Amino acid sequence: MSVNTLKIDGQDIAVEEGATILQAAREAKIPIPTLCYLEGVSPAAACRMCLVEVKGSPKLLPACHTAALEGMEVSTNTPKLQSFRRMNMELLFAEGNHVCAVCVANGNCELQDLAIRVGMDHSRFAYRFPDRKVDMSHPQFGIDHNRCILCTRCVRVCDEIEGAHVWDVAQRGEHCFIVSGMNQPWGKVDACTSCGKCVDACPTGAIFRKGSTIGEKERDREKLSFLVTAREKQQWTR
Amino acid sequence: MDKIRFATVWLAGCSGCHMSFLDLDEWLIELAQQVDVVYSPVGSDIKTYPENVDVCLVEGGVANEDNLELLLMVRRRTKTLISFGDCAVTANVPAMRNMLGGAEPVLKRGYLELADTAPQLPHAPGIVPELLDQVLPVHQVVPVEIYMPGCPPPADRIQAVLEPLLRGETPVMEGRDMIKFG
Amino acid sequence: MDISELYRLAERGRSRRKPFRIRCCMAAGCQSSGAIAVKQVLADALSAAGLNDKVELCSVGCLRFCGHGPMIATDPDEALYERVTPENACSILGALNGESSMAPRCDGNQPFFADQLPIVLENSGQIDPSRIEDYIAVGGYESLYQVLYDLTPAETVAAITQSGLRGRGGGGYPTGLKWSTVAKMSGDQKYVICNADEGDPGAFMDRSVLESDPHRVLEGMAISGYAIGASHGFIYVRAEYPLAIQRLQKAIQQAKRYGLLGSQIFDAGFDFKIDIRIGAGAFVCGEETALIHSIEGRRGNPRPRPPYPAESGLWGCPTLINNVETFANITPIIRNGPDWFRNIGTAGSAGTKVFALTGKVQNTGLIEVPMGTTLRRIVEAMGGGVTEGRVKAVQTGGPSGGCIPAQFFDTPVDYESLQKLGTIMGSGGMIVMDDNTSMVEIAQFYMEFCREESCGKCVPCRAGTVQLHELLSKIVNHQATVVDLEHLEALCQMVQEMSLCGLGQSAPNPVLSTLRYFRDEYLARLKPSMLEEVGHHVR
Chain A
3 MSVNTLKIDG QDIAVEEGAT ILQAAREAKI PIPTLCYLEG VSPAAACRMC LVEVKGSPKL
63 LPACHTAALE GMEVSTNTPK LQSFRRMNME LLFAEGNHVC AVCVANGNCE LQDLAIRVGM
123 DHSRFAYRFP DRKVDMSHPQ FGIDHNRCIL CTRCVRVCDE IEGAHVWDVA QRGEHCFIVS
183 GMNQPWGKVD ACTSCGKCVD ACPTGAIFRK GSTIGEKERD REKLSFLVTA REKQQWTR
Chain B
4 MDKIRFATVW LAGCSGCHMS FLDLDEWLIE LAQQVDVVYS PVGSDIKTYP ENVDVCLVEG
64 GVANEDNLEL LLMVRRRTKT LISFGDCAVT ANVPAMRNML GGAEPVLKRG YLELADTAPQ
124 LPHAPGIVPE LLDQVLPVHQ VVPVEIYMPG CPPPADRIQA VLEPLLRGET PVMEGRDMIK
184 FG
Chain C
-19 MDISELYRLA ERGRSRRKPF RIRCCMAAGC QSSGAIAVKQ VLADALSAAG LNDKVELCSV
41 GCLRFCGHGP MIATDPDEAL YERVTPENAC SILGALNGES SMAPRCDGNQ PFFADQLPIV
101 LENSGQIDPS RIEDYIAVGG YESLYQVLYD LTPAETVAAI TQSGLRGRGG GGYPTGLKWS
161 TVAKMSGDQK YVICNADEGD PGAFMDRSVL ESDPHRVLEG MAISGYAIGA SHGFIYVRAE
221 YPLAIQRLQK AIQQAKRYGL LGSQIFDAGF DFKIDIRIGA GAFVCGEETA LIHSIEGRRG
281 NPRPRPPYPA ESGLWGCPTL INNVETFANI TPIIRNGPDW FRNIGTAGSA GTKVFALTGK
341 VQNTGLIEVP MGTTLRRIVE AMGGGVTEGR VKAVQTGGPS GGCIPAQFFD TPVDYESLQK
401 LGTIMGSGGM IVMDDNTSMV EIAQFYMEFC REESCGKCVP CRAGTVQLHE LLSKIVNHQA
461 TVVDLEHLEA LCQMVQEMSL CGLGQSAPNP VLSTLRYFRD EYLARLKPSM LEEVGHHVR
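Chains as they are written, first to last, in the working numbering: chain A, 3 to 240; chain B, 4 to 185; chain C, -19 to 519.
It should be emphasised that the hints constitute simulated quantities derived from the structure, not laboratory data.
What you are looking at is a predicted structure, and each value in this text was computed from that prediction instead of being measured.
Be aware that one or more of the hints could be misleading.
Quick list of simulated restraints, FRET-style, between CB atoms [as the list claims (entries may be wrong)]:
| # | chain 1 | residue 1 | chain 2 | residue 2 | range |
| --- | --- | --- | --- | --- | --- |
| 1 | B | D136 | C | P154 | 51 to 57 Å |
| 2 | A | K212 | B | R179 | 25 to 31 Å |
| 3 | C | T367 | A | S139 | 41 to 47 Å |
| 4 | B | R112 | A | R211 | 26 to 32 Å |
| 5 | A | M3 | C | K400 | 30 to 36 Å |
| 6 | B | G178 | C | P508 | 33 to 39 Å |
| 7 | B | E166 | A | K212 | 55 to 61 Å |
| 8 | C | H458 | B | L25 | 54 to 60 Å |
| 9 | C | R237 | A | G58 | 51 to 57 Å |
| 10 | C | G328 | A | A193 | 53 to 59 Å |
| 11 | C | D500 | A | A30 | 31 to 37 Å |
| 12 | A | G58 | B | V45 | 37 to 43 Å |
Chain A side only, calculated, beta carbon under 10 Å to chain C, not exhaustive [claimed, not checked]:
| # | residue |
| --- | --- |
| 13 | P45 |
| 14 | M89 |
| 15 | N90 |
| 16 | V191 |
Every residue, glycine too, gets a C-beta built ideally from N, C-alpha and C.
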């Protein structure tokens, strides 16, 4: 095993070869905002919240997907990044129908938390008010596409951990939505094992347990990385 | 020094933000000593929004022609307009009708399809204001100086916004206590 | 197949020629203006007149003057006819005997033709693209032989590097460097991909090359396969190009039959096969990582780079991706030597570039000019200027590019000069605009395109292009204020820097470039802000 040393926000950090900038930063307790990233599944680099500046690179790089290399100088929170991240959050809020007041995840929502973190007190961009569906056909769970931010965490946990691949993305651009099975109602998808990993993975209130009401959604996030550790390292600890 | 001319306005919202304002309890007395309440559904009997208002809390989204008319007047006559609560900042629950695609389908659904008896569309010009096609947040209609999210914004947050304003300063809208939606 | 057999085939092809030849353009443009019927009339007339042993009637690829189709050329007098109809077509036969023709003559010496330097298009309009024998007769596949027997793979890469060829798909990445990167990657399995997913509005260079001279692309790919150590190539071509697909399929079949593709090509111990993959109508699949996903049978979403395809591409193997026009340049470079190529064009941008000249210009069509030709030469001399009014600007690079206003028309067309002007060479679409064109509406048009073509994976592109398009529409409809313009500019910068792939990163370019040169047009469409309206000033 070799070790790389790099600088993140001026702080010297040593990490194992192969670690990402995000892992390096987290080890050093330097917070980088993430949204689509989920411990235990492959990085999508889709939400762009974890973009950082790396000296010598003309482009912003996703911390979740970029290897921490020897001698790198990373800045995680420049004024430019702050302004871009806030704009990115505004785009997300304007894109869907995020009504915190009536959401199961209110007070327990990564999107809401991130909005606070980037200082979003309002959206400069016009709300789109898209017409989106709610699927309550599954006996235990529901999916409300109004609250979906297309992070694809559910797609990845179902595919990579549970191995059921119930979820995928349909359509393109602004018309994208998370599709169950062959575009069937969720309750009709035989592949679904009702394991609930997608519920635990969902950062917002889009996928939830039936019967939970406003602000009641709680997740067992650790379960997902526990399963991965158990499978990959045969360590049944959490 | 002249007292600050203070107003609150209630557009398309549930009045919960105003109830939260009343939750300021004894601090209201302090506030009353520092401001002239020139217009407010919970603090004044004046029916016309006056000229030269210094600070106005605007609750609610812009949903109908009355809301629009009042908001434009508020904007013309107010120095510091505060978007007060989620309905004002995001259009929130009132805007959930926007997904239906306009005023007409909403009225039809509400007054015809779901009516138990005597289905009819409300129509009383001059009495019942016409719905706008879309419910909009305040800042999509007029410029706004301060955004105070929350459904409703807790009393502490309201106080934390008003106190600096009374001192002639701008409140810092940062952190969970100040800008959490919902 | 060995080289003597190839020479024999070439000789047979050349000796087969008849004293007179009528070349009918059968590229998609002329076909859509009725070329098939015209050719049929000519065929019937030739039979009726018993001239079949004297006159050869053949289908060829693009004769360039697409806006004036159907086009026909005759030999040996090298006369060119435009807008030929079934009614006037027969008179062309008479013209071979010196009679005057009813079909309108097209001046082949006008700058549109005279200023061209065909390298990529050297066979276009000259040979029948559906006959490999025609291609062999003009020296086809000799370069492949030459490479296999005279050059090592490393020398082949060196030749391309030395030629100074840069990627013709838009980015202008040095082709030799790309080849050498893939060549140096370890691994038994490598792939070659030809990107024929040409999707920019108004661009049809790659289509024309594929329709007019498909073997040139196959030969270029095979040479690259030898150079980098790959035995399998894919051509990813968009489904909207059925004629190109058909001609490619036929070309591959013929090449396989002659042993010019497949195993043991020229008995040199080199295997190379080519498969076609057809796109499903997504612009984003022109982005290399999305294209690779699509070939793999997955959703055509891009992924972050690095790793670049050169390191980890198709099924995780080192993969070389070049554009159609890049591959079409390979054969002449091998045939004439890298120095010959390097001396064409400019110091930084060697060779020629094919452009699809369209828009409000007199002469619409396909041109190939040396790099460094000025825009003025292209638009005013070759294109003949605009149909009415004055030339206002030229758009290059499609939805990823920008507009160049007329005052910069003395700029030479090369990668760096265009970049300095805030646009890109792009794949070769060149749209001319006159002074009736609203630049804000142009920006709106391209943004709508990007909005529809965004794959939806990353937030800035998926949601950002929507908001940008809405803001532009607001400006176009005189509903926007100066605040909206500020938001537009801030969002442009954000989408550019935060998007995952080239589509999003370049989507704001048309807006930024029109703002840079035509800001007045934006300002003229703004309405006074609420505060100005009520005469109230806050803060």
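Taking the hints in turn, this is what the structure says about them:
1. B:D136 / C:P154: 51 to 57 Å: holds, 55 Å
2. A:K212 / B:R179: 25 to 31 Å: Given about 29 Å between the Cβ atoms, the range holds.
3. C:T367 / A:S139: 41 to 47 Å: violated, 59 Å
4. B:R112 / A:R211: 26 to 32 Å: Cβ of B:R112 to Cβ of A:R211: about 29 Å, so the range 26 to 32 Å holds.
5. A:M3 / C:K400: 30 to 36 Å: violated, 47 Å
6. B:G178 / C:P508: 33 to 39 Å: holds, 36 Å
7. B:E166 / A:K212: 55 to 61 Å: violated, 44 Å
8. C:H458 / B:L25: 54 to 60 Å: violated, 44 Å
9. C:R237 / A:G58: 51 to 57 Å: Given a distance of about 52 Å, which is inside 51 to 57 Å, the answer is holds.
10. C:G328 / A:A193: 53 to 59 Å: holds, 55 Å
11. C:D500 / A:A30: 31 to 37 Å: With Cβ atoms ~50 Å apart, the hint is violated.
12. A:G58 / B:V45: 37 to 43 Å: At roughly 59 Å between Cβ atoms, B:V45 and A:G58 fall outside 37 to 43 Å, so the hint is violated.
13. P45: Holds. Min distance 9 Å.
14. M89: holds, 5 Å
15. N90: Since chain C brings a Cβ to about 6 Å from A:N90, closer than 10 Å, the hint holds.
16. V191: violated, 18 Å
When the structure is compared with the earlier hints, violations turn up for hints 3, 5, 7, 8, 11, 12, 16 and for no others.
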